[in-house]
Amino acid sequence: MNNLLKSREALLALAILVLLAVIATRFPAFIEPRNLANVFNDTSPLIILAIGQMVVILTKCIDLSVAATLALCGMVAAMLNGAGVPLPLILLAAVVLGAVLGSVNGLLVWKVDIPPIVVTLGTMTIYRGIIFLISDGKWINAHQMTAGFKDLPRAELFGIHVMSWIALAVIAAAVVLLTRTPLGRSFYAVGGNPHAAVYTGINVGRTQFVAFVISGALAGLTGYLWVARYAVAYVDIAGGFELDVVAACVIGGIAIAGGAGTIAGAVLGALFLGVIKNALPVVGISPFWQLAISGSAIILAVAFNARQGRSRGRIILKSAEHRA
Amino acid sequence: MSILRKALTTAALATALIATGAHAETKRIALVVKALGIGFFEAANKGAEEAAKELGDVEIIYTGPTDTTAEGQIEVINSLIAQGVDAIAISANDPDAVAPALQKAMERGITVISWDSGVAKEGRQMHLNPSSSALIGNTIIKLAADHMTEKGDVAILSATSTSTNQNVWIEEATKVLPNYPNVNLVATVYGDDLADKSYREAQGLIQTYPNLKAIIAPTTVGILAASQAVTDAGKIGQINVTGLGLPSEMAGAVESGATISFAIWNPIDLGYAATMLAYNISNGAKAEPGAEIPMGRMGAAKLDDNNEAAMSDPFTYDKSNIEQFKSIF
Chain A
1 MNNLLKSREA LLALAILVLL AVIATRFPAF IEPRNLANVF NDTSPLIILA IGQMVVILTK
61 CIDLSVAATL ALCGMVAAML NGAGVPLPLI LLAAVVLGAV LGSVNGLLVW KVDIPPIVVT
121 LGTMTIYRGI IFLISDGKWI NAHQMTAGFK DLPRAELFGI HVMSWIALAV IAAAVVLLTR
181 TPLGRSFYAV GGNPHAAVYT GINVGRTQFV AFVISGALAG LTGYLWVARY AVAYVDIAGG
241 FELDVVAACV IGGIAIAGGA GTIAGAVLGA LFLGVIKNAL PVVGISPFWQ LAISGSAIIL
301 AVAFNARQGR SRGRIILKSA EHRA
Chain B
1 MSILRKALTT AALATALIAT GAHAETKRIA LVVKALGIGF FEAANKGAEE AAKELGDVEI
61 IYTGPTDTTA EGQIEVINSL IAQGVDAIAI SANDPDAVAP ALQKAMERGI TVISWDSGVA
121 KEGRQMHLNP SSSALIGNTI IKLAADHMTE KGDVAILSAT STSTNQNVWI EEATKVLPNY
181 PNVNLVATVY GDDLADKSYR EAQGLIQTYP NLKAIIAPTT VGILAASQAV TDAGKIGQIN
241 VTGLGLPSEM AGAVESGATI SFAIWNPIDL GYAATMLAYN ISNGAKAEPG AEIPMGRMGA
301 AKLDDNNEAA MSDPFTYDKS NIEQFKSIF
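Each protein sequence line maps, in turn, to chains A and B. Note that our numbering has the first sequence beginning at 1, numbered continuously upward. Note that our numbering has the second sequence beginning at 1, numbered continuously upward.
Hints are computed from structural coordinates only; laboratory data are not their basis. It should be emphasised that the depicted structure is a prediction, and the values quoted were computed from it without experimental measurement. Just so it is clear, CB atoms sit at the ideal spot from N, CA and C, and this is done for glycine as well. Any given hint might turn out to be false.
What the hints assert, rightly or not - Straight-line C-alpha distance at most 27 Å; calculated DSSO-like pairs for lysine-lysine:
1) A:150 <-> B:319
2) B:121 <-> B:142
3) B:142 <-> B:319
4) B:46 <-> A:138
5) A:150 <-> B:235
6) B:53 <-> B:286
7) B:104 <-> B:286
8) B:46 <-> B:319
9) B:302 <-> B:175
10) A:138 <-> B:319
11) B:121 <-> B:302
12) B:175 <-> B:151
What the hints assert, rightly or not - Which chain B residues stay away from chain A? Per the calculated CB distances, all over 10 Å, these:
13) 57
14) 81
15) 108
16) 225
With the rest of the complex left out, here is chain B (with noise of 0.2 Å):
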């Protein structure tokens, strides 16, 4: 227990306390994050606020322990309760700690989801996934095809044979592989999300298909590693690297022409919606399996049975808006 955390807790409730005496009538809804101070949800919130200005009468709590652990989030959910906010929508550190403490602020009236990271069914009313699997495995596919004019030969690097989210996405890439004629698809290798064993796996590859036109990294450090191997081999140009990467990591593999674009869920958006979802529902919207929400510019969210939906595409990055997002996350 820290003396900063009660005093940023004290200070938030302070804060909505001076804010509820101001304007009756908005819309209180918290955004609480897994920890204050990462560039991603500090993202998040741009999205949330520029929906509260869209809406006119939301007011945005923007709150979150100080270092990620559930019981940092708990003692925020309990002060957010006390305060009784009208919605909060929760990045989770832990899908199950946090649960009991969200069910008593929803036994209060207070509407509850989650986003990014979810909490286990009975703590929310629904879940917001940044993307499905099947919106990667099509995403990533898509990024190679997008910048190839012909035919050609196209690698997956991935993390470790065993790493269950990558799995995933490469099954549903592989599905939809007939829709991209030009792309074809020689080799899946794993890089064990290490850098050196990456970057020999990417040379592996180049030396292997000499008509390789992209290598796909669905992982950070992958596409990180390949970039710099195909930067090395002299192939920019040649062979793009593509995939899913961090602004902030990537910028430089853009600016050398390695990587031409790629993919990660965009916070702005991910706020934004969670936002507009957390309104809709408190002003009524139920929120049950096959219900449609809607949240503003980012169209609707289709809910599946366990009451789960997916935002949309993974935002692309690229030359145009590299330097925009490189200092957020």
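The following block holds chain A by itself, in its conformation from the complex (with noise of 0.2 Å):
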């Protein structure tokens, strides 16, 4: 029962059951059932990305190009239903192309030994500069898209929206591939202690790659996800959201210095972002106030998550810190 209250996890949680329970005084249907299916659906793309940029992160590096690899990928899955392709092959080619994108990053950071910040932040203007490119800064509406396009995200299997199990079966192949393969292990390896992985036999450079085509992959499925969802693709679609993608990950517990973090976390950190976004249009808090919320929440979030791990330190041998 200690261990379990220790655990982030497990308090994030809590915070979200107590968050849940504060809507519900003022506005209970919030917390029904279908409302609350709503909510993890609006939160999937969120989900999704939060766990593309965790493995970046475990491996001491930061992806800020999701948000325009997401877009890039949403305006070419766009142009390639305005085209008359397939969705299979769309949703293929929206994959294919992040991780493309996201080996661009990759490379840069593995063969270049630049700083994983700075190709991002690079990449990032110019993946959108390429959407402005190939739209000539046109958008294209719901009317320019087939009906198949737009309803597979909003389809239903089992009274859940298809775009909830997508989500889900990214948080699945995740959990294996971090927990059960050596692959994911090196993921921890790498960012945990760099110089130690190499010994180990571990590619440092090649994990931190991998790392960087998974998410860009990641980007560019959420990036079909989006476009068909939203019904529109422009150049500045998910303006932004990379910040709240890495937001996720740092109150999912995180470590931003690498090494340390699991799937739930990032899955819970995507889903307070996410019930606070759902929850402040309806509770009737000023427009003026919600920014500032959302920002203290973070805040808070963050100093809690500091704060224990300060206090809990690094115990490497469990079996020994009661004999010594």
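From the two separate chains plus the hints, produce the assembled complex.
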């Protein structure tokens, strides 16, 4: 029980429950199962991106280009749809393009040795610029997309939207990848102690490269989902969303210095932000306060995480702790 | 300095010179736009041509730079001065940068007016706004009220809480509320001109106000996101999304019925009115505060203290005309 309370994930889950309870006092309909499913669905893009970002952060890197990658892949998906390409191919193209864009980041970090924050800050602007070039600054609107293209994320399977199922599938795949495969463990190793990782035969640069490719591919997938859901594609879609993604990871207790964090944390961090974003419009708080409240929640969560991290310290050998 | 731009200027000059030879008596009015190849301005040119046809002795020179820069426009203005056109009607890329060139034009006896996007006061004789804040404020409420048979809740979904244009329009809208007893304005929310936030705010409105009859979004991102949210919530027919939008973007929403009608200035009318004004001022009408200058079928422009005038109410688009306009802008 004590251990459970000490874990960040449990505390974050508790914080979300408290948050839901507070919201329920002002707007009871918010916690109806139907609405909670909608909140999860609305948060799905953030969850998928946060998982990609988490993998990157684990390796001591950061990917600021996720939102731009999302927007570029979304625009390409919408344009392919306009050209009459069938949906499965569009999905494949979005994911592959995302992976390619991610690999550009990865290669620059791995082979050219530029700090990740600089690389992705640069590619972030470049990818947005490319959208402008290919779209000529024009919007692609609902009536220019086919019904099938727009309907996929909205379709329901066992009462839950397909977009939510996709998020759940990504979560499941990420859990398996990070906890059950050598590659997954090497992400932790590279971030936790790069030098030690090298001695165990892990190629640090290559691992970081793979992390960027995963993040890019997930951003590409989300790009399609985003454009189909909001039924519009233009240069600025998801502007500034990369900050939400990083915030979700930070709130979820993913160590910015790399090497520590769990999928549960990233998902809960995203859900925490998702609940706040969805609740603020219905609880009737002045819009002028909304931004301040979102911001304070982030700082509070991080401050809490930091304090917790300090008091706990790093116990390497659990068994030796009480013997000393 | 692009070769293309030079070539275009030369071409415009050459065309103009040939034209001068052909009809020595006609008034030559230059419609200078922010950049060539933009649907909105092509439509304005259509309106200008319509005015020219109506007036008979007018020739329109439709010109502008190839990209939206003030430098490009200055070059175009200089070449127009060299050609000795009778009037320049400009939608400026920068209110101040083009003013000196336009002053030079006025010194040579050329009539200069600005339309759509204005020029600083010293650089033009008058400015024609597509509409006025008061007219827009009234229109967006009227659009909602027109399709409400009984009293109901109405909410506004705006851009950011600091957007000057939207705030002024909303302020004007609240002033006319007493004239529309059916409209019960319950909330103003802000989608920050982000598709996802606007969508979420619209969802919030739908959940919070069960008696919601209309969402007014005086911003292009907001109106699209709100109509999508209403469509996804299955509330088409119950909640009417209206406000300001572009026909090319709103065609889908009008088709699905989420939006019955919406408004935006009509570029054809704007080009028509600007041409009429330039023609009349060039023919001796005085552009001074308080003056009323006729603009053909659009009525008369009444100048305020800054020599600015508002053309009309924003133009309403619905099922009947969306097909025609969606390809224009």
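Hints violated by the structure (numbers, ascending)
2 and 16
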